[in-house]
Structure formats: structure tokens, C-alpha cells
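Enquirer: Below, each chain spelled out in residue letters.
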Amino acid sequence: MSHMSNEDNAAWSRRLTRAWLLLVGLTLVSLAAVLGFGASEAGMAAAAVALAAAFYKARLVLDHFLDLRRAEGGWRAFFAAMLAVILGGLMATYVAAAYLSVP
Amino acid sequence: MSTPTDISAEARADWGALSQLPGNPIMWVLIISELLVFGAFFLAFGVARLVDPEVFRAGQAVLDVRLGGLNTLILVTSGWMAAKAVQARVGGRQGPSRRWLAGAMALGVGFLVVKGFEYADKLAHGHTLESDTFFTLFYLMTGFHALHVVMGLAVLAIVGWRNSVENMETGAAFWHMVDLIWLILFPIVYLVR
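In the order they appear, the protein sequences are chains S and H.
59 is the number of the first residue of the first sequence in the working numbering; add one for each residue after it.
-17 is the number of the first residue of the second sequence in the working numbering; add one for each residue after it.
No wet-lab data here; the hints were simulated from the structure.
Hints may contain errors.
[Stated by the list, open to error] Each pair of labels, with its calculated beta carbon distance range:
no.	chain 1	residue 1	chain 2	residue 2	range
1	H	75	S	93	36 to 46 Å
2	S	93	H	92	35 to 45 Å
3	H	115	S	132	36 to 46 Å
4	S	66	H	114	50 to 60 Å
[Said to hold, decoys possible] Among chain H residues calculated to face chain S with C-beta under 7 Å, some are:
no.	residue
5	15
6	17
7	29
8	61
9	65
10	73
11	161
Owing to the predicted nature of the structure, the values given are computational and were not obtained by experimental measurement.
Virtual Cβ for every residue (Gly too), placed ideally from N, Cα, C.
Based on the provided sequences and hints, a complete structural model is requested.
Expert: This is the structure in C-alpha cells:
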């Protein structure tokens, strides 16, 4: 993969740093959501926030650190779908668990 | 710009759709297979939790979310440094490239140290691989991931030594995959309860 794109070095640096700051920020948001609301009535919403944050974080790593943004749209859709199946499948098990535990 | 990149792009022409992806196509085959394996593991964890919610609730309550959070911050920062190492190498700045890579590796070691403390604490409190379904899955999933961190450190050491642009991109890609898997593992095992 060649890096002879229109992006100059400074823009590349900014993009990587922005991705890193977003990754740190989303980690803190999901920690706050779960530590703050995980045990409450809003536990399911906290779970949804944590999984949505994981989805977005995984895509940041794919797009910017792994440079998937340079690949054609089909690949990005493929990885997004794979993540959606894993994280969506887990969310389904959480919803089912909450539903089943209600007497 | 650099001849090695052009040659590798040519050599890769026969890889079909994979040749559109950055870095060595074999690494992407590995990334996809690892995601499928860990994905199956994660879904199995969700289903096992569904079957035995009390055991999972009790097990997760013992975990230290802050340690998991700390390790997440360590790995994303390490991934950023690995990306910076590739950027520096592409720009022909070998010294800075190796320093970024060394930083990424140091944080990788830090991740393992935190993991070691965590395991020691859990074991000291009698939570072993055989305690219950939760801890069996906890040790298998995090242990399998930690093994990838160890392999990733070896890969980074090798590409830091033989640091062609192609090698650096491929080695960093492995490291980002390890990061990616942790980003999914962390909320599932530590956060959502």
C-alpha cells in the first residue's frame, strides 16, 4: 500500500492523533456509563452505550490505524457488518437475559 | 516514493480483492480469521451468560473495571504509537520510527504487567480456571488475547529490526488487530453486566 496520497504529513499526524483522542474519550464514556448506570434501571442503556462505543472504536482502529479507509467501500462494509454481527449478537443475548430474568 | 512499496504493490496484484487492502494481504487473512474466532468466542460468552446469569454476575462483580479500563487506554495509546512509527518510516525517518515503535512495545509490556497483577489477584482470591463457567471463559479469552500481545511484541521487535515500509505496515497491522480484539473483549467481559 503506497502512501503517496494527497494527505501531507501534518494532516496524517492530525488524523492519527484525532483517532487516538476519540479512542481514549470513548473508553472513558463507556467506563462512566457502566460505572455510573450499569447497576441501575438504566443498565441496559449503559450496555448499549458500551457496545456502541466498542463498535465505533473498532472502526476507528480499522479506518485510521489499519488504514482501511484507503480500501474500497466493500471492505469497510464487510468489517462493519462483521462487527455488527458480533456486538449486535451480544446485545441480543443481554436483552434476552434481562427479559428472562423478569419474573 | 519508495521502491519497496511499489514492488510489493505489483507482487500483490494477484491477490484479488485482498490486494486493495493496505499492508501484506496475508495479514488481512489473519485479521479476518482472528476476528471470526474471537467473535465466536464472544458470542459463546453471551450465550453462556444467558444460561447461567447468576454465576456471570458474581464473577464480573469480582473483576476490577479500572484495571480493564487502564489496559484499554494502554493498548489504544500503543496502537497510536505503532501507527506513528509507520508514518515516520514512510517519511524515511528511521530514528523516530524506531522510537515510536519502542514506545508501542513498552506499553505492550505494561499491558502484560497489569494483566499479571490482575491474574495474581484473582488467583489469590481463589478464582481459578476451574472455578466456574465465568472464570473458565475469563481466563481462556483474556489469556488467548494476552498470548497475542506476546506474539505481537515479538512481531514488532522483528519489524523494528528489519524495518522496510512493507514490514513495518504488516507488523503494525498485527498489533492493531490485537488492539481491535481487546476493544471488543473489554466491554463484554468487564463492562456490561
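Enquirer: Which earlier hints can't be squared with this structure?
Expert: Of the numbered hints given earlier, those the structure breaks are 2, 5, listed in rising order.
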